[in-house]
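Number of protein chains: 4
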Amino acid sequence: MIVILKDNPDRQQLDGLIRWLGDQQIEVHPTVGVHQTILGLIGDTSRIDIDLISALEIVEDVKRVQEPYKNANRKFHPDDTVIRVGDVQIGDGSLTLFAGPCSVESEEQIVGIARAVKKSGAAILRGGAFKPRTSPYAFQGMGDEGLHLLLKAKEATGLPICTEIMDASQLPLFEDIDILQVGARNMQNFALLKALGKTNKPVLLKRGMASSYQDLLMSAEYILAGGNPNVILCERGIRTFETYTRNTLDLSCIPALKTLSHLPVIIDPSHAAGKSALVPSLARAAAAGGADGLLIEVHNDPAHALCDGPQSITPKVFDALAPQLRQIHDLVRGEQTDVIIR
Amino acid sequence: MIVILKDNPDRQQLDGLIRWLGDQQIEVHPTVGVHQTILGLIGDTSRIDIDLISALEIVEDVKRVQEPYKNANRKFHPDDTVIRVGDVQIGDGSLTLFAGPCSVESEEQIVGIARAVKKSGAAILRGGAFKPRTSPYAFQGMGDEGLHLLLKAKEATGLPICTEIMDASQLPLFEDIDILQVGARNMQNFALLKALGKTNKPVLLKRGMASSYQDLLMSAEYILAGGNPNVILCERGIRTFETYTRNTLDLSCIPALKTLSHLPVIIDPSHAAGKSALVPSLARAAAAGGADGLLIEVHNDPAHALCDGPQSITPKVFDALAPQLRQIHDLVRGEQTDVIIR
Amino acid sequence: MIVILKDNPDRQQLDGLIRWLGDQQIEVHPTVGVHQTILGLIGDTSRIDIDLISALEIVEDVKRVQEPYKNANRKFHPDDTVIRVGDVQIGDGSLTLFAGPCSVESEEQIVGIARAVKKSGAAILRGGAFKPRTSPYAFQGMGDEGLHLLLKAKEATGLPICTEIMDASQLPLFEDIDILQVGARNMQNFALLKALGKTNKPVLLKRGMASSYQDLLMSAEYILAGGNPNVILCERGIRTFETYTRNTLDLSCIPALKTLSHLPVIIDPSHAAGKSALVPSLARAAAAGGADGLLIEVHNDPAHALCDGPQSITPKVFDALAPQLRQIHDLVRGEQTDVIIR
Amino acid sequence: MIVILKDNPDRQQLDGLIRWLGDQQIEVHPTVGVHQTILGLIGDTSRIDIDLISALEIVEDVKRVQEPYKNANRKFHPDDTVIRVGDVQIGDGSLTLFAGPCSVESEEQIVGIARAVKKSGAAILRGGAFKPRTSPYAFQGMGDEGLHLLLKAKEATGLPICTEIMDASQLPLFEDIDILQVGARNMQNFALLKALGKTNKPVLLKRGMASSYQDLLMSAEYILAGGNPNVILCERGIRTFETYTRNTLDLSCIPALKTLSHLPVIIDPSHAAGKSALVPSLARAAAAGGADGLLIEVHNDPAHALCDGPQSITPKVFDALAPQLRQIHDLVRGEQTDVIIR
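Just so you know, the sequences run in chain order A, X, H and B.
For the first sequence, our numbering assigns the number 342 to the last residue and increments by one with no breaks.
For the second sequence, our numbering assigns the number 684 to the last residue and increments by one with no breaks.
For the third sequence, our numbering assigns the number 1026 to the last residue and increments by one with no breaks.
For the fourth sequence, our numbering assigns the number 1368 to the last residue and increments by one with no breaks.
It cannot be assumed that every hint is accurate.
Here are some, though not all, of the chain B residues that point toward chain H, as calculated from beta-carbon distances under 8 Å [said to hold, decoys possible]:
#, residue
1, Ile1052
2, Gly1069
3, Lys1144
4, Gly1147
5, Arg1211
Straight-line distance between alpha carbons at most 35 Å, and here's what the computed DSBU-like set of lysine-lysine pairs gives [unchecked claim]:
#, chain 1, residue 1, chain 2, residue 2
6, X, Lys405, H, Lys885
7, X, Lys348, H, Lys690
8, H, Lys882, B, Lys1101
9, A, Lys75, B, Lys1032
10, B, Lys1032, H, Lys885
11, X, Lys617, B, Lys1301
12, A, Lys152, A, Lys70
Simulated from the structure, these hints should not be mistaken for lab results.
Here the structure is a predicted model, which is why all the values come from computation and not from measurement.
From the three backbone atoms N, C-alpha and C, an ideal C-beta is built for every residue, glycine too.
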């Protein structure tokens, strides 16, 4: 951490600051210039509240040098985290396909789609039982009944289930669910993150629409610091001025997050695009960019889906797309790590 | 609602759509051009799922003409909503000042600040007991004990209390709290919004960092549709590319939200700016722009505040600012409504 | 175009509007609802000024149905535009690699890099002679001398040259240059666009940092409407709140722009990332996403480059990357058009 | 400037860097920690190219401590810059109103509006002769003839003229124009900025839609470094995800830019809002926030204006608004400087 002092700082306040830092095992190295004095802070600054120092009258600015996250930081955990869900491994260098409908609608629908996507190569079934909807008048998901039908689809196909949890109070309902998804709108629902940190369930944590990589990793840190090491990061588009797409998919996050962190990175092209015609191009791009997996909405009848229909592709399109994603993945697999990770 | 069809739409699908809309009491008026056919939909379209129609193969695009919110819509509720909290009225044309520290730290601190801001003209005491912090290692607030100290400050000064609730499960703790604040990060925590809709407590709903006016009004709609009419909208800055300020305060929201809705609009210049030196200018601007109130962080010792210190002003600065805000408000009070509201 | 009228519109104004539209060969089809009247406008609305209609007292809102660009619109030009530069074809389904340093620094440097990238498979040499720099104190490029050295590199290798023009007055200097690049900061320098429209030189038009797809296509339209059909679109990152990368590369633009327009789409991963370690991942993603080409900064000594060093990769990295990009391109080549273009 | 080194930096490269910096009169003060070594750079770093240092293999990150602009920096020029245009002074603590139509349309129109706004208290007439329009098919302004009519309006009323220049080649036409406006889309047209730096005309420099405060000040620096001290900064809204307003007016820029720089700050609420109904509220807010002036579109017949009609207010609304803006300004005038400027 670097502290930039104002001109002619009050001597007494400065001594107070240096003493207070010393109490927290932080060494202070000053650099005195004509116009400016800079303090270099050496030690574990992740627990120092940057706002407290900024607030001092003698301080002009404070800049972090070290990342404020530790458990999620590749510097302290150089090896890739691999998440195990049944026979599936996420983050081991393979490409894991999560596929399924936006919402569970009926047993026939979810079991049918599960069978289709499994045949095409999906490793995880995804589908919503509890749906966060902008409008209180929109379909809110089937709830408990939806979870029940997802488990029937698991029984029928063996595919592990990934579905969204919206509130810490729902945890008991999710006991048999394999991967708990935290939606973009809940990425900083800290009550929920803390509750998930106390479980040992794999958590798929979606990046918020206005969240930086650091914000995402700090939210992961909440779960990791609670004792649960099983966090999967998921990019699903950020909010920008462009309105043709629902959100702007930020594929730079793949090399960036894999440099900053050891956690697996999954891409959801469906929510970002908001238009099914864009999904195959973005899915291929994500596979080539080095993603550990993809989360793709697949629906047998998108025109009648109860929510998010326009962004779903059909099982037929998925069946053509999946092998191509694998081929791309095989091409880039080795190279990826050599070039990106320092 | 306007449905734009693709060239040469399948006749059967089109008839199906018209029939399905008719079942929902929506009349369809087609306009046939050389290159394009457009359907004008007449009726209550707020309950029509725009995604369902977009998903149809014959549809190129769908555009809403009517707003998707009803309870929050000025068109259907032309009179301003006035929220009553004890003797205080919010939204009646007056300027309500909410003031207090970011976090409750001790009885002495909170009672001291409460007395100071009351003397300067604040009508509501604000202060955090449960604090949403980006880092799991940062101070998370005093919790229950903080709520208890806020109530002591109310006892000492008579000021109603506004403080943040982070999770629906905390509701019982907030029984004696006057105004429940929903933070920007929880603006689309729909479980929380639904729970608040079932109370009759005034709710101060902060706009999310990446939320449009419509998103904010849809979140208000969740609370209103649940039966609780007491919603106060609060702008606290949106996330943009500018990094000098923590967030970009969007004061256009005042005339915009007051045109679109009948709910009171409060401005929080402290969180947006992130720097106390910017707060007085922004507070004056908000008062002149026609805000119904201001939420201002005031701390007797910002340099030692346990969180968000840099954005707090001192009681002395607040004492000079408050009367000026009233003078500005008095100047613009009458004019405002004439010019803005159609 | 759809015009949404206010309640009880003045009859005389409405008749005036309908007459004025009729004079411009636009038919008007009204849809009358209980709360709202909507006018459907049929005809060539690309020349109608949407602002003029919005300004009328009787009008609540106006929404475009048709895109405001014609020459750049795939609807009216279904076949892909192919740009020929010497033996190189851009937009014919192949992957064209543009490579070279940010700035020309010396004959030895530019000829050396040109030879290296040609050997690795680049088809076009890119390099800056005139450099738009945020700071007046930063290196502004070698100017005329830089153009001269680029032409020497062309002589030595046969590679066509792509370099940036900053002002219409520079046109005579660019007579022998093959592709004129318009930088992101000049995307809406309309004086420059008009001047380029009067040449028949291929123009590589970079998307502005805050420009939507439509804005980009409207700027292309300036050149096309001037009579020059040779426009190449280039995405180089948009400005968002994320600061880890210099800009956010928006790869959704590939399927989006190729759906909306017939012009070739090139991706520049180097400027967007601002960090060379991210470039290979993004380049692979762009190739898999269906780009017609890539613009990659390559420098033999990035640590001593006079500008933009951190985003340059070395010839050695480029040499390993280029064949991989071709392999990815070969994999996706056929599929791409089937799935994306309707 | 702070240079953060990677672990175990190569000794030879490090010595090279320190020597290179020494050659440019920069002293280097290292701080050695267990995990990290930091170099504090002391001296005039505004001419050091940050990208050059970032590119070195031994460097992890570089952070600026000093602003990269000198002439525009309040630290080196503590007194407010006052721009004199005839009898008008901008930046002397008064509130200067610039008013007039978006486009000049006829002598009758521009003289009529000039007379009206002068009577209401405007000090400067603004109006467009050359108009930057997104569409090549939209009205592009009257050009030379428009400039001529503006000068007729000056003759009739004595009001100095502010109008937009779009290209350096137009400079001779602007000889009699009092204030040259640089539009948001041209804020980084460096050829134009350099040309303006060689004149001594007052320049009204509009902030780009995706430009930070620092970018704006760097563009001002281009003009100042060229020898022209007469720069007026103008905020007109930035591009965000919110679509209800055309752009998001960022009023935090007033205290921010006045802290960072000595140049006057003018606010244009009309372009930002894009809707005339929002203009009075934003204008009042800007006056209360401490702006040195306002740029307001006023049109006698907004419904028939040839461009930007929806954002124009009528002379009647302006006549009611102007005195109120003065009253607000008088209220805040003294206080402003005490609180904001350190």
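Hints and how they fare:
1. Nearest Cβ of chain H to the Cβ of B:Ile1052: about 14 Å, over the 8 Å cut. The hint is violated.
2. The criterion of a C-beta within 8 Å of any C-beta in chain H is not met by B:Gly1069, whose closest approach is roughly 14 Å, and the hint is violated.
3. A distance limit of 8 Å between C-beta atoms decides the matter here; for B:Lys1144 the minimum to chain H is near 24 Å, and the interface restraint is violated.
4. Taking 8 Å as the C-beta contact cut-off toward chain H, the hint placing B:Gly1147 at the interface is violated, the least distance being around 25 Å.
5. The interface hint given for B:Arg1211 holds, since its Cβ lies 4 Å from the closest Cβ of chain H, which is under the 8 Å cut-off.
6. As the CA atoms of X:Lys405 and H:Lys885 are separated by approximately 39 Å, the hinted pair breaks the 35 Å bound.
7. A hinted pair counts as satisfied when its Cα atoms are at most 35 Å apart, and X:Lys348 with H:Lys690 qualifies at roughly 28 Å.
8. Restraint check for H:Lys882 and B:Lys1101: not satisfied, since their Cα atoms lie roughly 47 Å apart, outside the 35 Å limit.
9. As the CA atoms of A:Lys75 and B:Lys1032 are separated by approximately 12 Å, the hinted pair is consistent with the 35 Å bound.
10. With a C-alpha separation of about 46 Å, the suggested pair B:Lys1032 and H:Lys885 falls outside the 35 Å cut-off, and the hint is violated.
11. For the suggested pair X:Lys617 and B:Lys1301, the alpha carbons sit about 31 Å apart, so the restraint of at most 35 Å is met.
12. A C-alpha spacing of about 39 Å is found between A:Lys152 and A:Lys70, which places the hinted pair above 35 Å, so the restraint is violated.
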